[in-house]
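Protein chains: 6
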Amino acid sequence: MAQLFEIKNGEQFGIFVLIKAADIRTARNGKPFIAFRFQDRSGSMDGMFWSATEEEVNLYQAGKVVFLRGKRDTYQGTPQVKIESMRLAEAGEPDDPTLYVEKVKVKREDLEAELDDALLLITEANIARVVRKIIHQTQEDFFVHPAAKRLHHAMAGGLSFHTLSMVKIARNLLSIYPQLNPSLLIGGIILHDIGKTVELSGAISTEYTLKGKMMGHIVIISEMIDRACSEIGIDPENESILLLKHVVLAHHGKMEFGSPVLPQLLEAEIIHYIDDMDAKINMITEVLDKTEPGEFTSQIFALDRRQIYKPKF
Amino acid sequence: MAQLFEIKNGEQFGIFVLIKAADIRTARNGKPFIAFRFQDRSGSMDGMFWSATEEEVNLYQAGKVVFLRGKRDTYQGTPQVKIESMRLAEAGEPDDPTLYVEKVKVKREDLEAELDDALLLITEANIARVVRKIIHQTQEDFFVHPAAKRLHHAMAGGLSFHTLSMVKIARNLLSIYPQLNPSLLIGGIILHDIGKTVELSGAISTEYTLKGKMMGHIVIISEMIDRACSEIGIDPENESILLLKHVVLAHHGKMEFGSPVLPQLLEAEIIHYIDDMDAKINMITEVLDKTEPGEFTSQIFALDRRQIYKPKF
Amino acid sequence: MAQLFEIKNGEQFGIFVLIKAADIRTARNGKPFIAFRFQDRSGSMDGMFWSATEEEVNLYQAGKVVFLRGKRDTYQGTPQVKIESMRLAEAGEPDDPTLYVEKVKVKREDLEAELDDALLLITEANIARVVRKIIHQTQEDFFVHPAAKRLHHAMAGGLSFHTLSMVKIARNLLSIYPQLNPSLLIGGIILHDIGKTVELSGAISTEYTLKGKMMGHIVIISEMIDRACSEIGIDPENESILLLKHVVLAHHGKMEFGSPVLPQLLEAEIIHYIDDMDAKINMITEVLDKTEPGEFTSQIFALDRRQIYKPKF
Amino acid sequence: MAQLFEIKNGEQFGIFVLIKAADIRTARNGKPFIAFRFQDRSGSMDGMFWSATEEEVNLYQAGKVVFLRGKRDTYQGTPQVKIESMRLAEAGEPDDPTLYVEKVKVKREDLEAELDDALLLITEANIARVVRKIIHQTQEDFFVHPAAKRLHHAMAGGLSFHTLSMVKIARNLLSIYPQLNPSLLIGGIILHDIGKTVELSGAISTEYTLKGKMMGHIVIISEMIDRACSEIGIDPENESILLLKHVVLAHHGKMEFGSPVLPQLLEAEIIHYIDDMDAKINMITEVLDKTEPGEFTSQIFALDRRQIYKPKF
Amino acid sequence: MAQLFEIKNGEQFGIFVLIKAADIRTARNGKPFIAFRFQDRSGSMDGMFWSATEEEVNLYQAGKVVFLRGKRDTYQGTPQVKIESMRLAEAGEPDDPTLYVEKVKVKREDLEAELDDALLLITEANIARVVRKIIHQTQEDFFVHPAAKRLHHAMAGGLSFHTLSMVKIARNLLSIYPQLNPSLLIGGIILHDIGKTVELSGAISTEYTLKGKMMGHIVIISEMIDRACSEIGIDPENESILLLKHVVLAHHGKMEFGSPVLPQLLEAEIIHYIDDMDAKINMITEVLDKTEPGEFTSQIFALDRRQIYKPKF
Amino acid sequence: MAQLFEIKNGEQFGIFVLIKAADIRTARNGKPFIAFRFQDRSGSMDGMFWSATEEEVNLYQAGKVVFLRGKRDTYQGTPQVKIESMRLAEAGEPDDPTLYVEKVKVKREDLEAELDDALLLITEANIARVVRKIIHQTQEDFFVHPAAKRLHHAMAGGLSFHTLSMVKIARNLLSIYPQLNPSLLIGGIILHDIGKTVELSGAISTEYTLKGKMMGHIVIISEMIDRACSEIGIDPENESILLLKHVVLAHHGKMEFGSPVLPQLLEAEIIHYIDDMDAKINMITEVLDKTEPGEFTSQIFALDRRQIYKPKF
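Protein chains in written order, with the UniProt record's numbering: chain A, 1 to 313; chain B, 1 to 313; chain C, 1 to 313; chain D, 1 to 313; chain E, 1 to 313; chain F, 1 to 313.
Hints in this document: simulated from the structure, not taken from any laboratory.
Treat the hints with care, since some could be wrong.
[Claimed, not checked] Here are the simulated DSBU-like cross-link-like pairs (lysine-lysine), alpha carbons at most 30 Å apart as the crow flies:
#: 1; chain 1: E; residue 1: Lys133; chain 2: C; residue 2: Lys213
#: 2; chain 1: F; residue 1: Lys149; chain 2: F; residue 2: Lys82
#: 3; chain 1: D; residue 1: Lys254; chain 2: E; residue 2: Lys280
#: 4; chain 1: A; residue 1: Lys213; chain 2: C; residue 2: Lys290
#: 5; chain 1: C; residue 1: Lys149; chain 2: D; residue 2: Lys8
#: 6; chain 1: C; residue 1: Lys168; chain 2: C; residue 2: Lys149
#: 7; chain 1: F; residue 1: Lys82; chain 2: B; residue 2: Lys82
#: 8; chain 1: A; residue 1: Lys280; chain 2: E; residue 2: Lys211
#: 9; chain 1: D; residue 1: Lys20; chain 2: B; residue 2: Lys312
#: 10; chain 1: F; residue 1: Lys312; chain 2: B; residue 2: Lys211
#: 11; chain 1: D; residue 1: Lys107; chain 2: E; residue 2: Lys312
#: 12; chain 1: F; residue 1: Lys280; chain 2: A; residue 2: Lys254
#: 13; chain 1: E; residue 1: Lys133; chain 2: D; residue 2: Lys310
#: 14; chain 1: A; residue 1: Lys280; chain 2: A; residue 2: Lys310
#: 15; chain 1: E; residue 1: Lys211; chain 2: E; residue 2: Lys254
#: 16; chain 1: A; residue 1: Lys82; chain 2: E; residue 2: Lys82
#: 17; chain 1: B; residue 1: Lys105; chain 2: C; residue 2: Lys290
#: 18; chain 1: D; residue 1: Lys168; chain 2: E; residue 2: Lys310
#: 19; chain 1: A; residue 1: Lys310; chain 2: E; residue 2: Lys211
#: 20; chain 1: F; residue 1: Lys280; chain 2: B; residue 2: Lys211
#: 21; chain 1: E; residue 1: Lys213; chain 2: F; residue 2: Lys211
#: 22; chain 1: C; residue 1: Lys168; chain 2: B; residue 2: Lys107
#: 23; chain 1: F; residue 1: Lys149; chain 2: D; residue 2: Lys310
#: 24; chain 1: B; residue 1: Lys312; chain 2: D; residue 2: Lys310
#: 25; chain 1: B; residue 1: Lys149; chain 2: F; residue 2: Lys211
#: 26; chain 1: F; residue 1: Lys20; chain 2: A; residue 2: Lys133
#: 27; chain 1: F; residue 1: Lys20; chain 2: D; residue 2: Lys8
Please construct the entire structure, taking both the sequences and the accompanying hints into account.
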């Protein structure tokens, strides 16, 4: 079946999609309508449902899969759906929401294999045990969570994909700069964003949790390390554990970006660079993929609204 | 016996003092000398010990109490000691370093009584138990530690004195603004700087510990709360515990001042103001005390080098 | 009679309200309509008046009281009025605009009594005479003006209410920190925003005056002090008068917030903190009052768009 | 007689100079010495007076003129005096301190003539009367005061010289941009820094006055305008007077530079540019005058430590 | 024939205008409409063309001249056109787009004469030859290009008009400050923005070119100077050429405004001031021209949204 | 022969060293002395030469090689030389200054081989030709110049070493992120700092050249590319050349760091990260090499005075 973004402007269609958001509003004529945001693996698109009955308002809520008939349209340059009719997906039809969520293009097995390889690079015993413990506890979420609500790697599996891209860069740096400590560098990278499994609600309709808002993923990771030590029976005042906490606490590089301490280890400084660089490459590539050679991308918010040019050669 | 700052310029004296710092340097003539910083409860003063022998270098180290003979002198406007002779304090003489450390002027019993009163204001059960647990664990340090290495309340007992001044302001705000939650406000204030018992080495020759530098007192407190819950058997994911952590994590008010999250509770915002205001009053008062009416203080570093005027009336 | 914000969504009503603003716009069909903002003591609400005749446009202007029939509605989450009919309030009906303006919830007599008490704390003769003179001159406005056009205490009586909340905090600080000069502290607080009686037009449809825009309330107060001295016959070059001017000139704390000089008196520094803290508490409390426990407020513009959480306990 | 900066390195000399500063310090050998700063119209130079007796310390104080014998020397790249002997200037000798203070190179009569011409450009009656009144009151100081303690035009007469250079630029702008209001532009320029006659102590050993520190010259000027109106009998609430106050209040261009309001008149904006530009040209020219073609100047503090190149052509 | 901004609100009209922009959008009823922006020498105005056929969409594109019948209307305070009918301008009618572009009000001959005069002030031979060469190469564009896409002097001829206003100020400064080097000052001003002939596409529908975006007009000018030297046969490593490049590279005054080096010549510093001042005067005057005495202008974006007051006298 | 930093504190020695700097100063006793900075490949160390004769001042100048006898000493924690005697190196002795300049530890042949390999990655013909042309022209300097006067890679060969470390990272990124354009990435890296061969004077007593100060190495590279095109006969307006210029112009990442344009190509953004990361690793490693495990480094100026911890494991 066709995906949302494969349909051409003006074309008629009937496909299954996930309702990502459904806001009730009042039209100028005083009647309520529903502002839908539909989603499948090709992306998200808006559509207005005019003159909705109370029953329809209750039926079509965020998180439901629906069979949608309509026409692909454009409003002020942005593609949207002109809804003709819709109904809930029934048993026997593809009604599992996870089928419609955007995912990274790498297989989970490949990411797992890369993670296993990476764990072998951690030679300091305390760090190795703590990292393995936390991976073990968060495994399910680690491979399913996005790396962010918006911005970069904001799709299912984004967290592990981003983490393991960083590991690839780090492996190479270890060979160029032998002075780097592999346990702190690789251990720090694997854990650096793993607090997002607590900070964010999950891959479907991603939201910040209360704990995520009140503590931030950076302090959450430090807490996870402390608790893991207690569970394994490692003294959390060991220098190696303390420095592992430091590496994750400092990885945003600057206080104004939410790190409570500045990097005071070479590895903390480097993780900050790798993290930032991989995020930027991901963000830019995503918009470049939707841009023609010889054109500029739309403004990229997280790059201070810069536009990036796609060369012709 | 006279104190260092009671001796007049040009006066001869013989008193016991603590060696706060002792740096070995080489004079122009190639001979080593010791740059001393002496301390008693009236403050700290420098003195140069010329042509020191190796034995003397080994004998007179930081942390030792000595009987010092000399003359009060002035160098570029700053009082200093012209050393005539010195010897280590002997048994039977006042050789306890704590006798020479600057202390707050309030009695510990009074501070303890104020703390006990304040604890009664915390009505939420989880917060009450956690705060009492941590106070119990850090009690000795809480009443002895300074609130900072430099800047404000940088003297023995400064931590508890600063904390309880803040409690006084908070009690009053609770009566003006009944919408404030007393458990979060008073609990948050009592704990807000208690991580400094770990971040700083103590009242004598105060230094940052490795853990203090690598994690900062803000994250240390959050960790203390988490561990206290585990020891008492409280679920750390309780909203009240989460918000207590938030209040201490956010109390620096801005990320660039080291808070990993911005205040998202009214009480977090208010603690930031009370903390900042009490610190500023303490800093300014300290320099005003050494200033004549009708004059400006010296530049106050932590106020962006501002000078404060002391009115004549 | 019911107030605007007491009517439930979907409910029919007929009440008297004040027209706070009336903008003429053109609909898509080319006909003019009026975008009204109605107000009573419960707050302000929008409503569109379609296909207005020229006569209606002239009749229903800002500042007029009308009898409004309609239905309470919601547009994109914000309550609004679906207008059915309206007519001007007639003689004998409640047609005084001041009846519909939001006011502080404290009685004027209470505020006056608090002010009288506060004046007694000013012991320095020059400051006492100048403050009383200015209070005498601006009394009517002082108890009626808002403290701001938007942001905090933006309601009738807000200026005196804000000022006297600050006085309450200051009284307490005087007992905790005896080094504070009560004449400068209390005198400075009473005058600190009194220039707003000149800077702002009043409590109904509050606007900046030309003098307010061109000089700002901070310089206006300094000028009021200077003129009061001239009228009473006090030498304005007295140190106490000079320092009183300084305290008000410096009370915004930083030059980028409009103070032409930085605080150079302990009291100037403290007034800045009290002012800022009371304003923040007022702003946050106002939005928390409209928020359910367990929810976050909407973004608060003056707190850099932060959202505040309302605890469940 | 030779001037300080005309004497070559290593040369012996005997000349009259003014003692600009005389600090008493203690040498390594324990004996007091005087760190002098001598001044004549060619500039200022340091010199150490070793092993000073108490009598000498009392005799040679700042503000005294002395006959100084010594040798021109260099210390770390900076010229200094190696003192051989000194004595106070006696009656009949050139013992007037004003003879040794650096002055602008233009004759006072010329500046007075330029000022008279400029006053004629002010056509609005209220502004014309107020400006003339203030000039009349401050005339003696206006032609003698420096424009600053340090930085630009920091010499006797600098205030009027700087003001009248600005007038020259403004006259030209009036011909290029006829939309400029000459009364506000010229009146504003003449008054813009005249508060410095109150803010600074004078041309010899220039210091900030208490009023200068506590109010700043910007608010002082606004106050001078208000008082002048009262003395002449002009209503200070006239728009022309209000705008004149605005022009001087806003002339620093940004709040962080001490203006309590931002420029809201074209003339206020322009005065800010002219002021800044004339100050920069003066500062740069002064250091370029001491620089060889093909070389860079020393770092200029007020230009964020930039160095300026002096071309060879 | 009447101009767009000469027509009164509500008046019927039929005039020739240029289509500046034509965006295709979809109305609520699902039908496409064209959002036009029309332009003539009096300014630009919007108008909606409802229910456009595909043919009309293809016909009425940006850059075309049309005969437009309609009624002058207002939408939310902004003037707009209520379109009744339109057709393309035909042969014999005024169909040249350049007739409808806003132009400076000075005659090209006058600007050319001023430029010729200015060139005579450049006495250094290398600079004189390079400036004349570049003027010769870019002459057509220099007198036709705007100085900017938006902001100041954004109209045909704006580049030369802005440049020659700056020259007028500079001539005057040369007489007040004889230390200024006329070749660097005048040569630098003439070239300072001439890279905009490459950076911007032209006077009609002004856009940034790819080279303009990728290099910026500042580096483009430096390159033009280097190439001109090569073509004339001047050694580009001559100090005079190097300093001429510096003056244009540094003329934005600060790195954050796009200058790769800070001003290190007095002339570079001064050009920055003159440039900035003339731009501000132009921007402010343009909005003041549309403002009544006693009113404030609308917010001026490039002045950080400040509003400027137009005095009554 | 021993190197400066191999000699232990207190040890006697006699070795050849280069005089890096020789400042003449006057001692307290009025006699001149020379403040030397000696250098060999192990680093730089100060030493004072008391009571120098005029002949000695003329003899021992910066850039000369001398045989130095003395004792390794310490002054305020910093190692220094207590000079006993010195004489100029004679013919037959190791008197070539380049022998004493700190160099990168990699052989030039290896760097040349890496460069040759890297050039093969550039597949776009214009970029390939221009990069080879410029490498050919600057080859001698490219392998000898430092990458900076101070900060990172500030040693002979530092420019090529830094460039080729960046190439190693880039090669790896090309395999992780196939969307990167190798011609722009590798070509941009090779050229990104090559303007430093013009901006800096060389490896011995490195200073900025006049052209370096006035244009900056970033614009110089753009100019080198333009001239290379002209010499080879490539149209410099080709997109590939324009983008190559952009990549070097934008590589400082932000305008305030001296890039006249912000990165608008993915490769420009990435080069900025690689450059910054390699520089930071080099700076931190250099100070960590002089630090004991378990200690913090001294403050690193270019990291905003941060101190980096050297782990014990």
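Each hint tested on the structure:
no.: 1; hint: E/Lys133 to C/Lys213; result: 51 Å, violated
no.: 2; hint: F/Lys149 to F/Lys82; result: 27 Å, holds
no.: 3; hint: D/Lys254 to E/Lys280; result: 15 Å, holds
no.: 4; hint: A/Lys213 to C/Lys290; result: 21 Å, holds
no.: 5; hint: C/Lys149 to D/Lys8; result: 67 Å, violated
no.: 6; hint: C/Lys168 to C/Lys149; result: 24 Å, holds
no.: 7; hint: F/Lys82 to B/Lys82; result: 28 Å, holds
no.: 8; hint: A/Lys280 to E/Lys211; result: 24 Å, holds
no.: 9; hint: D/Lys20 to B/Lys312; result: 29 Å, holds
no.: 10; hint: F/Lys312 to B/Lys211; result: 14 Å, holds
no.: 11; hint: D/Lys107 to E/Lys312; result: 39 Å, violated
no.: 12; hint: F/Lys280 to A/Lys254; result: 15 Å, holds
no.: 13; hint: E/Lys133 to D/Lys310; result: 26 Å, holds
no.: 14; hint: A/Lys280 to A/Lys310; result: 15 Å, holds
no.: 15; hint: E/Lys211 to E/Lys254; result: 22 Å, holds
no.: 16; hint: A/Lys82 to E/Lys82; result: 28 Å, holds
no.: 17; hint: B/Lys105 to C/Lys290; result: 46 Å, violated
no.: 18; hint: D/Lys168 to E/Lys310; result: 25 Å, holds
no.: 19; hint: A/Lys310 to E/Lys211; result: 14 Å, holds
no.: 20; hint: F/Lys280 to B/Lys211; result: 24 Å, holds
no.: 21; hint: E/Lys213 to F/Lys211; result: 25 Å, holds
no.: 22; hint: C/Lys168 to B/Lys107; result: 28 Å, holds
no.: 23; hint: F/Lys149 to D/Lys310; result: 23 Å, holds
no.: 24; hint: B/Lys312 to D/Lys310; result: 51 Å, violated
no.: 25; hint: B/Lys149 to F/Lys211; result: 48 Å, violated
no.: 26; hint: F/Lys20 to A/Lys133; result: 55 Å, violated
no.: 27; hint: F/Lys20 to D/Lys8; result: 29 Å, holds
Comparing the model with each earlier hint shows violations of hints 1, 5, 11, 17, 24, 25, 26; every other hint is respected.
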